[in-house]
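If you read the sequences in order, they're chains A and B. Note that this note's numbering numbers the first sequence so that position 282 is 282, with each residue one more than the last. Note that this note's numbering numbers the second sequence so that position 26 is 26, with each residue one more than the last.
Hints should not be assumed to be uniformly reliable.
Listed next, the stretches of chain B that the computed footprint assigns to chain A, with coverage defined by at least 3 CB atoms under 8 Å from CB atoms of chain A [to be verified]:
1) 6 to 16
2) 19 to 30
3) 42 to 54
In short, the hints are calculated from the structure, not lab data. Backbone N, C-alpha and C define an ideal beta-carbon position, used for all residues, glycine too.
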Amino acid sequence: MIPFELVEPRTLREAASLLASGDPAVRPLAGGTAVMLMMKMGVLRPARLVSLRAVERRCSEIREADGELRLGAMVTLSALERSPIVKNLAPVIVRASRTLSNVRVRNVATVGGHLAHADPHMDLPPVLIALGASVTTVDPEGGRTIPLETLYAGYLETALRSNELIAEVSVPVQGVRRAAYLKCTTRSADDWPALGVAVVLDTEGDAVREARIVVSAATDTPTRLSAAEEALRGARADEKILRRAGEAAAAAANVVGDEHGSAAYKRELLRVYLARAVKQALASKG
Amino acid sequence: MSVGSKTIRFTLNGEAVGAEVPPHWNLVELLQNRFGLYGARESCGQGLCGCCTALVDGRAVSGCLYLAALADGTRVETVEQPAAGGGLDAVQKAFIECGAFQCGFCTPGFVLMSRKLLDENPDPTEDDIRHYLSGNLCRCATYPEIIEAVKLAARLRKKRDATADKRR
Ligand SMILES: Cc1cc2nc3c(=O)[nH]c(=O)nc-3n(C[C@H](O)[C@H](O)[C@H](O)COP(=O)(O)OP(=O)(O)OC[C@H]3O[C@@H](n4cnc5c(N)ncnc54)[C@H](O)[C@@H]3O)c2cc1C
Ligand code: FES
Ligand code: FES
Chain A
1 MIPFELVEPR TLREAASLLA SGDPAVRPLA GGTAVMLMMK MGVLRPARLV
51 SLRAVERRCS EIREADGELR LGAMVTLSAL ERSPIVKNLA PVIVRASRTL
101 SNVRVRNVAT VGGHLAHADP HMDLPPVLIA LGASVTTVDP EGGRTIPLET
151 LYAGYLETAL RSNELIAEVS VPVQGVRRAA YLKCTTRSAD DWPALGVAVV
201 LDTEGDAVRE ARIVVSAATD TPTRLSAAEE ALRGARADEK ILRRAGEAAA
251 AAANVVGDEH GSAAYKRELL RVYLARAVKQ ALASKG
Chain B
1 MSVGSKTIRF TLNGEAVGAE VPPHWNLVEL LQNRFGLYGA RESCGQGLCG
51 CCTALVDGRA VSGCLYLAAL ADGTRVETVE QPAAGGGLDA VQKAFIECGA
101 FQCGFCTPGF VLMSRKLLDE NPDPTEDDIR HYLSGNLCRC ATYPEIIEAV
151 KLAARLRKKR DATADKRR
């Protein structure tokens, strides 16, 4: 790794102004797990890192407000995993966190860094998109709210400007919605997935009223599968409907192959895992 | 500010220390190059194997992915930290008793992670142990012995706590 300047501002706004140069060699640093890897691989050669470690305490808070779960950008993934508030308001997040990387990475990695990194293989973006989450940002002048669904622009690319920081994530509470996240790893149990599928269902009796379905790892960005959602809307999720939804998903998604599996294989996985995820969501209590 | 070394102060295994660190050093480089502590060692360098485990403010981290400069103001503990009362702790005794290593390269990481597991969950099932230690790799594949050692350490800790209760 090459030397760089490390600064530790006290507020997010100050951090944003330290980033303002528009220079790609100036980057925010949260938990640093992804940044350190990118520096070690030589794909990131920063001139300056702006550490968010010392910003407002508020950024490390987990709270409930206006029927939403609010997660500060600096909340660690292990705080998320252990939070009674998260367990209560969105249990699917806790379940997804348990198989996300390992204890040491979760102890350090943050919600903001996790969402900003934009590696399509990551676990929480599809889950949070399926729940309908949005991020609030801070930049030197103000900030905005971005639906998480529109944050991702490509592989390791987001709609964030270079001086724009994620401050908070708002997640509509899961409530009576039933949810599941499944991933398929092909080389070892804790490998990056070949495919991830998140499903959040609004149900009425044993029928699906509304479905939100998101695929990850098989596509360049986590992607809503509206054709599959359509196939489930107002239907009882029997084998026939699930097959139709799986077919619709596989036909519509822009599946790409990588070292975890070819595109054809991932399309097949999508058919199978989508049905499994819907069944698991229906069988779950939340 | 110019690109250059930074002076940091922190607590290392119970002792207040200071060091000058280049901004790009990680925690393993700090411990080895400034303090001669080699318990945390870099192997995969990617957060996967746990050989570089250290505790920062009581949380286990991968030293290979942790910037040394960010240790400023924290409490750092390594496997070299003596057990309370001196000697070896329950986990270390159990690892020896069960022969839970061959070359020993992975052992400091497994010892620290096992301690954290037992702090959080004093009575772990085999599944709990496997899950918690899934981010630690042993090239000598002493996994069955490691799992036995963690179970034994849990029993030793309970015995210790029971004795302490009696004395109280
Ligand atoms: C060994 C290992 C295994 C892993 N396995 C998994 C896995 O199974 N599943 C999974 O989902 N992930 C996995 N990951 C990835 C991990 O989740 C990410 O590295 C982590 O979440 C990034 O968070 P961080 O706080 O460390 O981010 P950092 O490394 O600090 O930052 C990541 C990116 O986000 C930017 N950034 C940070 N904070 C903000 C902010 N507030 N606003 C805007 N931009 C910001 C940084 O500039 C950088 O571009 C793994 C990582 C490792 C090292
Ligand atoms: S060397 Fe740090 S986890 Fe392997
Ligand atoms: S004992 Fe050799 S690597 Fe574990």
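Checklist entry - Would you say the segment 6 to 16 of chain B counts as covered by chain A, given the rule of at least 3 residues with C-beta under 8 Å? => result violated (count 1)
Item to check | Within 8 Å of chain A's CB atoms, at least three CB atoms from the segment 42 to 54 of chain B: coverage verdict | outcome: holds (count 6)
Checklist entry - Mind checking, does the segment 19 to 30 of chain B have 3 or more residues with a CB under 8 Å from chain A? => result Per the Cβ count (4), the hint holds.
When held up to the earlier numbered hints, the structure conflicts with hint 1 and nothing else.
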